[in-house]
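S.K.: Modelling step: build the complete structure from the supplied sequences, incorporating the hints.
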Amino acid sequence: MIRIAWNRILHRKIASITILIALICLYVFIPFGLQQSKETKSTVTETIEEFGRGSYDMLVRPPSSRTEVEQTLGVVEENYIGDSKGGISIEEWNEIKSNPTIEVAAPVASLGYFRGKQFSIELPILDNPTRFTYQFYTSDGQKKYPIKEQKSIMFFEQSRPGMVQYLTRVESEAQYSSPAMLIIIPASYYLLVAIDQESEQKLTGIDFSDLNKKQESAMLKTMLDNYGDPPVVKVLQRSDLTIPLSIKLRTETLDVELEEYLNKLDLKQDDWIMQGNSSVNIESVLKDLRSEPIVESNTTRVDLSKFQKPFNGTALKLTKDLKPTTAKRYSAEFNTSVYYTASRIEYKNLDTIPQVNLVENGDPPSYKKVEKKGESMLDSFDIPFFIEQVGTFSPLTDPQNKLAGSPLGIYGGMQAKTVDGEVLTPTTIPGSFIPAPASGVTTLEAAELIKGDKPIDAIRVKVAGIKKYDEAAQQKISKVATNLLKKGYEVDVVAGSSFKELTLDVEGIGKVVEPWTTLGVAQELTSTWNYVTLLTTGLFILFSVLWLIVRFNYEKNILHNENTLLYTIGWKKSTIHFRNCVEQYLLITVSFLVSLFLLYGLEATKPMYWITACLWGLSLLIVTYLLTRKAKGKNRSEAYKRFASILYYKRLIFPAMMILLLSSLLIGIQVSTLGHSFQKASVTFLGEFTNNQTLWLQLSILVVTFVLGVISVTESLNALFLERKSEFTMYRTIGWTRGAVIKHLIKEVSTWTLSAIIAGVVLGATILHFLNVSFGWIGIGMGTTFILLTITIYIIVLTRKL
Amino acid sequence: MISVKNVSKSFQHLSLSQKTVILQNVDLSIPKGSWISIVGPSGSGKSTLLNIISGLLKPDTGEIYYNDVDLYQLHNKAKSDFRRKTIGFVFQDFKLLPYYSVVDNVMLPLLYDRKKKELYDKAVTLLQSIGIKKELFSRLPEGLSGGEKQRVAIARSLIADPDVMVCDEPTGNLDRENRDRIIDLLGQLREDGKTIILVTHDLDVADHGDKLYFLKDGSLTLGGVSV
Ligand SMILES: Nc1ncnc2c1ncn2[C@@H]1O[C@H](COP(=O)(O)OP(=O)(O)OP(=O)(O)O)[C@@H](O)[C@H]1O
Ligand SMILES: [Mg+2]
Numbered sequence: 001m002i003r004i005a006w007n008r009i010l011h012r013k014i015a016s017i018t019i020l021i022a023l024i025c026l027y028v029f030i031p032f033g034l035q036q037s038k039e040t041k042s043t044v045t046e047t048i049e050e051f052g053r054g055s056y057d058m059l060v061r062p063p064s065s066r067t068e069v070e071q072t073l074g075v076v077e078e079n080y081i082g083d084s085k086g087g088i089s090i091e092e093w094n095e096i097k098s099n100p101t102i103e104v105a106a107p108v109a110s111l112g113y114f115r116g117k118q119f120s121i122e123l124p125i126l127d128n129p130t131r132f133t134y135q136f137y138t139s140d141g142q143k144k145y146p147i148k149e150q151k152s153i154m155f156f157e158q159s160r161p162g163m164v165q166y167l168t169r170v171e172s173e174a175q176y177s178s179p180a181m182l183i184i185i186p187a188s189y190y191l192l193v194a195i196d197q198e199s200e201q202k203l204t205g206i207d208f209s210d211l212n213k214k215q216e217s218a219m220l221k222t223m224l225d226n227y228g229d230p231p232v233v234k235v236l237q238r239s240d241l242t243i244p245l246s247i248k249l250r251t252e253t254l255d256v257e258l259e260e261y262l263n264k265l266d267l268k269q270d271d272w273i274m275q276g277n278s279s280v281n282i283e284s285v286l287k288d289l290r291s292e293p294i295v296e297s298n299t300t301r302v303d304l305s306k307f308q309k310p311f312n313g314t315a316l317k318l319t320k321d322l323k324p325t326t327a328k329r330y331s332a333e334f335n336t337s338v339y340y341t342a343s344r345i346e347y348k349n350l351d352t353i354p355q356v357n358l359v360e361n362g363d364p365p366s367y368k369k370v371e372k373k374g375e376s377m378l379d380s381f382d383i384p385f386f387i388e389q390v391g392t393f394s395p396l397t398d399p400q401n402k403l404a405g406s407p408l409g410i411y412g413g414m415q416a417k418t419v420d421g422e423v424l425t426p427t428t429i430p431g432s433f434i435p436a437p438a439s440g441v442t443t444l445e446a447a448e449l450i451k452g453d454k455p456i457d458a459i460r461v462k463v464a465g466i467k468k469y470d471e472a473a474q475q476k477i478s479k480v481a482t483n484l485l486k487k488g489y490e491v492d493v494v495a496g497s498s499f500k501e502l503t504l505d506v507e508g509i510g511k512v513v514e515p516w517t518t519l520g521v522a523q524e525l526t527s528t529w530n531y532v533t534l535l536t537t538g539l540f541i542l543f544s545v546l547w548l549i550v551r552f553n554y555e556k557n558i559l560h561n562e563n564t565l566l567y568t569i570g571w572k573k574s575t576i577h578f579r580n581c582v583e584q585y586l587l588i589t590v591s592f593l594v595s596l597f598l599l600y601g602l603e604a605t606k607p608m609y610w611i612t613a614c615l616w617g618l619s620l621l622i623v624t625y626l627l628t629r630k631a632k633g634k635n636r637s638e639a640y641k642r643f644a645s646i647l648y649y650k651r652l653i654f655p656a657m658m659i660l661l662l663s664s665l666l667i668g669i670q671v672s673t674l675g676h677s678f679q680k681a682s683v684t685f686l687g688e689f690t691n692n693q694t695l696w697l698q699l700s701i702l703v704v705t706f707v708l709g710v711i712s713v714t715e716s717l718n719a720l721f722l723e724r725k726s727e728f729t730m731y732r733t734i735g736w737t738r739g740a741v742i743k744h745l746i747k748e749v750s751t752w753t754l755s756a757i758i759a760g761v762v763l764g765a766t767i768l769h770f771l772n773v774s775f776g777w778i779g780i781g782m783g784t785t786f787i788l789l790t791i792t793i794y795i796i797v798l799t800r801k802l
Numbered sequence: 001m002i003s004v005k006n007v008s009k010s011f012q013h014l015s016l017s018q019k020t021v022i023l024q025n026v027d028l029s030i031p032k033g034s035w036i037s038i039v040g041p042s043g044s045g046k047s048t049l050l051n052i053i054s055g056l057l058k059p060d061t062g063e064i065y066y067n068d069v070d071l072y073q074l075h076n077k078a079k080s081d082f083r084r085k086t087i088g089f090v091f092q093d094f095k096l097l098p099y100y101s102v103v104d105n106v107m108l109p110l111l112y113d114r115k116k117k118e119l120y121d122k123a124v125t126l127l128q129s130i131g132i133k134k135e136l137f138s139r140l141p142e143g144l145s146g147g148e149k150q151r152v153a154i155a156r157s158l159i160a161d162p163d164v165m166v167c168d169e170p171t172g173n174l175d176r177e178n179r180d181r182i183i184d185l186l187g188q189l190r191e192d193g194k195t196i197i198l199v200t201h202d203l204d205v206a207d208h209g210d211k212l213y214f215l216k217d218g219s220l221t222l223g224g225v226s227v
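Taken in order, these protein sequences are the chains called A and B. Here the first sequence stands for residues 1 to 802, numbered as in full-length UniProt numbering. Here the second sequence stands for residues 1 to 227, numbered as in full-length UniProt numbering.
Worth flagging that the hints you see were computed from the coordinates, not collected in a lab. Since this is a predicted model, take the numbers as computed values, not measurements. Glycine residues also receive a C-beta, built at the ideal position from the N, C-alpha and C atoms. Mixed in with the good hints there might be a few duds.
[To be verified] Where chain A lies over chain B, by a calculated footprint (3+ residues, C-beta under 8 Å):
no. : region
1   : 37-47
2   : 84-90
3   : 114-126
4   : 179-188
[What the hints assert, rightly or not] With a cut-off of at most 27 Å between alpha-carbon atoms, the simulated BS3-like pairs for lysine-lysine come out as follows:
no. : chain 1 : residue 1 : chain 2 : residue 2
5   : A       : LYS650    : B       : LYS79
6   : A       : LYS743    : B       : LYS77
7   : B       : LYS216    : A       : LYS743
8   : A       : LYS641    : B       : LYS194
9   : B       : LYS79     : A       : LYS13
10  : A       : LYS743    : B       : LYS134
11  : A       : LYS801    : B       : LYS79
12  : B       : LYS5      : A       : LYS747
13  : A       : LYS38     : A       : LYS606
M.R.: The structure is reproduced here in C-alpha cells:
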C-alpha cells in the first residue's frame with residue numbers, strides 16, 4: 001500500500017514537492033511566529049518592568065486640583081507646578097511621610113516668580129565723545145522682546161580717574177556715580193519652588209545641602225540692618241540655567257565739547273556734568289545734544305546670557321570693542337521682595353489642537369494672568385522677606401530613566417519646539433506659556449512664610465518595597481493610592497507614565513510641540529501588546545488549522561475521479577480511503593521530519609517542537625477525517641452560462657479561494673495591527689523604546705506572515721494548475737498562441753483570485769474596524785495584502801509553462 | 001500541398017540513457033484536397049507523426065512544408081496563428097473542455113479572434129450541419145454520447161475553416177454506426193476541398209482514403225490505392 005501511495009506521490013512530482021514545501025513552511029513558521037510573538041510580549045513586559053517606574057509612583061495633590069487638560073486628555077504638563085495655590089499643610093505631609101508603606105514623600109510648594117540681586121553693566125570709556133543708546137532684550141528662543149524702554153547716555157570724556165563726564169536723563173532712582181557709567185541690568189523673574197531637602201534628595205539624588213549654608217556677606221548685613229531685619233529666603237539656584245538676555249547698543253560719535261555743555265548747564269569746569277540733571281535747562285540741553293551731527297555710528301548686539309543666572313547676576317563691563325567681561329566695580333539692586341504669581345494656562349479647544357491664548361500682548365507676551373505680590377523696597381522699609389542666593393544645585397543632566405515621565409518632576413529638561421524644530425525657552429517674565437522648571441529651590445519654612453499655613457501644592461510619593469515595575473508593584477502602588485484617596489487627596493498614579501509630544505497652537509507663535517506626561521502608559525502598552533500577541537497567536541493558529549482543512553479538502557476533491565475509477569474496478573471503499581490516507585500520511589510525516597530538522601538548525605526552543613508536533617498530529621487527524629468522509633457528488637449536465645470553468649471546478653477552486661482569503665486575512669490583519677500598535681505606542685517615549693526593543697521581532701513576524709501567505713497561495717494555485725494541465729495543452733493543440741492562453745487564464749484566474757482577495761480584504765477591514773484600528777493602517781495593511789498577493793498570483797500565472 | 005521531408009524523431013528514455021527511434025527519414029507528400037490514411041501497430045509512432053505534421057512536436061531532423069511555408073521556421077505566434085487557421089485537429093478521446101457547453105467548445109479556437117455573435121452563429125450552423133440536435137448545445141460534454149462528442153470535436157476543428165483536417169483515430173472510441181457517420185462526414189469535407197490526414201487502425205476506415213500508408217519500424221510505406 002505504501003508503495004502504491006509513494007508511486008502516486010512520485011507521479012505528481014511537482015504537486016508533491018509544492019505541498020511538501022508548504023507543509024514544511026507551516027510546520028516551521030507557525031511555531032517560529034508564535035515564538036516571536038511570545039518573545040515580543042515578554043520583551044515589552046521586561047522593558048516596562050525595568051523602565052516603567054519613574055522616580056516616584058504617585059502624585060498627591062489637594063482635592064480638585066486636577067485641571068481640565070488632565071481630565072480631558074489624560075496628560076499632565078511637564079514641570080506643572082501651576083498656580084501655587086497650595087492646599088496641603090506641613091503637618092499633613094508629615095503624616096503621609098510617616099506611613100511605613102511609603103518610602104519617600106517629597107513635597108513641592110511653588111512660590112511664584114522671584115528675582116535675585118541685579119548688578120550693573122559698565123559702559124566703556126571711549127576716545128571720543130559718544131552717545132550710547134541701549135536696549136535690553138529677552139528671548140523665547142524664537143523672537144526677541146525688548147525689556148523696558150530704550151535709553152541713552154551721552155559720554156563726553158573722562159576728565160580724570162574717578163570723574164567720568166556723562167549725561168543721561170535720570171527719572172527716579174539714581175544709581176549713577178561719577179567713577180563709571182553703570183547701567184543696572186533689568187530684573188528677570190524665575191520660578192522658585194520650596195522643597196524638603198532630605199526627601200527631595202532621597203527622591204532625586206540631587207544634592208541640596210547648600211540650603212544649610214549660612215550666608216553672612218557684609219552687603220546682606222547692611223541691607224538687613226537698613227530694612228528692620230526681615231527674614232531671609234535662602235535660595236539654591238539651578239546651576240545650569242542662564243537667562244536669555246542681550247543688549248543692543250548703538251554708539252554715535254559726536255563732535256561736541258564738554259565745556260560748551262557744562263556752560264549750557266551753568267556748571268563749572270571741574271563739576272560733574274550729571275549734576276546738571278537738576279538744572280532748569282536740562283530739557284533744552286538734551287534737545288541740543290540730540291541735534292548734534294553724528295560723525296560715526298555703530299550698532300552691536302551683545303549677548304549677556306551666559307553671565308546672568310535667575311537668582312544671581314554678575315556685574316559686567318564692556319571693553320572698548322564692546323565685549324562683555326566681569327567687573328569688580330558695580331552697582332547693585334536688591335529689590336527682591338516683589339514677586340509674581342501666575343495663573344494656570346487656560347487651554348482651549350481640547351478636542352483637536354489645544355490652544356493657548358495671549359492674556360496680555362506685552363513685550364514679551366504673557367499667556368497667564370500674572371499677579372504682582374510682595375512689597376517693594378522702594379515703597380516701604382517694611383519688606384516681607386529678602387531673597388538671598390546661597391548656593392546651587394545641579395539636576396542630573398542625564399537622568400537614568402528618560403522613558404518614564406514624572407509630572408511635577410520640577411526639574412524637567414524636555415524642550416518645547418516649534419514645528420520647524422526651533423527650541424523655545426521661557427522668557428524672563430512670569431507669563432511664559434512654557435512650563436518652566438524650578439530655577440531655584442528654597443525651604444518649606446520659606447514657603448510657609450510666603451504662602452501661609454498650607455503651602456504644599458503636591459507631594460510626590462514613592463512606595464516602599466518595589467524593585468521592578470511588575471504587576472505586584474502595580475498592586476502595591478494602587479493600594480497606597482487608595483488609602484490616600486480615602487483621606488481626600490487627589491491621587492494620580494504616575495508610575496508607568498511616559499512622555500508624549502503634544503502639539504499646541506500658541507497665539508503669536510504658531511504650532512509648538514511640547515513633551516507632556518501621559519498617565520498609565522505602561523499599563524496601556526502592556527495591554528496593547530498582550531492584545532497584539534493574542535491576535536497574532538490566534539491568527540496563526542486559525543490560519544494553520546483552516547489551511548490544513550482547506551488543503552486536504554482539495555486533495556480529497558482531486559481524488560474524486562480516481563476514487564470512482566478504483567471503485568469501478570472493484571476496490572473496496574475502505575481500501576480506497578486507506579490508500580488516499582497513506583499517501584497524505586507519508587507527505588505529512590516527511591514534512592514533519594524535515595521541519596524537526598530545520599527547527600533544530602534554527603535552534604528552536606522546546607515549545608516550538610511541541611507546536612510542530614501538535615500541527616503534525618492535527619494534520620493527521622484532519623486528513624483522516626476528510627479523506628474517509630463520504631463524498632456527496634451530484635453531477636450536472638447543463639453548462640454554466642457564466643464563470644463556466646470556475647463553477648465547474650468549484651471543488652478545486654473554492655479551496656484555493658479559501659486559502660487566498662485566509663492569506664489575505666492573515667497578512668492584512670497582521671500588518672495593520674502591528675503597524676497600528678507600533679504607531680500608537682511610539683507616541684510616548686516609553687512606547688517608542690519598547691518599539692525599538694521589539695522591532696526585529698515584529699519584522700520577523702511580518703516576514704513569517706508574508707512567507708506563509710505567499711507560499712500557501714503559490715502552492716494552492718500550483719496544485720490547481722497542475723490538475724488542469726491537460727486543459728492548457730489542449731488550448732495549444734487547437735492553435736492558440738501562448739499569449740492567448742495566458743490571456744484566457746488571467747481572465748479566469750483574475751475573476752476568482754481577485755474576488756477571494758477582495759473578500760479577504762473587505763472581511764479583514766471590517767474585523768480591523770471593529771478592533772478600532774485606524775483607517776490609515778487598515779489601508780496600508782489591506783493595500784499590502786492586495787498588492788503582495790496579486791503580484792504573487794500574476795507571477796505564478798505568467799511563468800506557467802504552456 | 002503538404003510535404004514531409006526527411007523527418008526523424010526519437011525519444012530519450014528517462015531511466016535508460018538510451019534513445020528509441022520512432023521515425024526515421026520519413027518522406028510524404030499530400031496533395032491538396034486528398035485524403036490519406038495511415039495505419040500501423042500501436043506504438044509505431046502514428047500520433048507522433050501527426051503531431052509533427054500539425055506543428056505540435058518539433059522533429060529532430062527534417063521539415064514540414066505547407067505549400068511554401070516551412071512550419072517549424074515560423075515563430076511561435078505565427079505558427080499558432082497558422083495552425084489555428086489552417087489545421088483542424090481531431091482526437092480519439094475528443095479532448096473537449098469539460099466545463100464548457102457544446103457551443104462554447106466549438107467556438108473555443110477562435111474565441112479571441114472573432115466577434116462572439118458571429119462565432120456563435122457559425123458554431124450553431126456547423127453543429128446543425130453535422131447533425132447535433134439543438135437541445136444539446138448548452139450541455140456539458142459529459143452529457144453526450146461518444147459519437148456526439150466526436151462530432152462536436154469535428155465541428156470545433158472546422159470552426160476556423162481549415163484547409164487540412166488531421167484526425168488521430170477519430171473513430172477509435174466509437175461503435176460501427178457512429179463510425180460510419182464520422183466517415184461520411186469526413187468524406188463530405190473532402191468533397192468541400194479539404195485535405196484529410198487520418199490515422200487509424202481500423203482498415204475499413206482507412207479504406208475511404210485516396211492513399212493508404214503503413215507505418216512500421218519508423219518508416220512509411222505506401223499500402224494501396226482505393227477509389
Ligand atoms: N513524449 C514522449 N516521450 C517518450 N516517448 C514517447 C513520447 N510520446 C510517444 N512516445 C513513444 O513513442 C512511441 C510512439 O508513440 P505514438 O503515440 O506515436 O504511437 P501510436 O502509433 O500513436 O500508438 P497508438 O496506436 O497506440 O496510439 C511509443 O512507443 C511511445 O512510448
Ligand atoms: Mg496514437
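S.K.: Now look at each hint and say whether the structure bears it out.
M.R.: Here's how the hints hold up against the structure:
Check on the region 37-47 of chain B: 0 of its residues sit with their Cβ under 8 Å from a Cβ of chain A, so the three-residue criterion for coverage is violated. Judged by the Cβ-Cβ criterion of 8 Å, the region 84-90 of chain B is covered by chain A as claimed, because 4 of its residues qualify and three suffice. Restraint check on the region 114-126 of chain B versus chain A: 0 residues with Cβ-Cβ distances below 8 Å, three needed, restraint violated. Given a C-beta distance limit of less than 8 Å, the hint that chain A covers the region 179-188 of chain B is violated, as 0 residues qualify and 3 are needed.
A hinted pair counts as satisfied when its Cα atoms are at most 27 Å apart, and LYS650/A with LYS79/B does not qualify at roughly 34 Å. Between the alpha carbons of LYS743/A and LYS77/B the distance comes to roughly 14 Å, so the proposed pair stays at or under 27 Å and holds. Note on LYS216/B and LYS743/A: the hinted pairing is violated, with a Cα-Cα distance of about 41 Å set against a maximum of 27 Å. Straight-line distance between C-alpha atoms of LYS641/A and LYS194/B comes to about 34 Å, which puts the hinted pair past the 27 Å bound.
For a cut-off of 27 Å, the pair hint linking LYS79/B to LYS13/A is broken: about 31 Å separates their Cα positions. Taken as a hint, the LYS743/A and LYS134/B pair is broken in the structure, with Cα atoms around 30 Å apart against an allowance of 27 Å. Among the hinted pairs, LYS801/A with LYS79/B is consistent with the structure: their alpha-carbon atoms are about 17 Å apart, no more than 27 Å. At roughly 40 Å between alpha-carbon atoms, LYS5/B and LYS747/A are farther apart than 27 Å, so this suggested pair is violated.
For a cut-off of 27 Å, the pair hint linking LYS38/A to LYS606/A stands: about 14 Å separates their Cα positions.
In summary, the structure is inconsistent with hints 1, 3, 4, 5, 7, 8, 9, 10 and 12 from the numbered list given earlier, while agreeing with the others.
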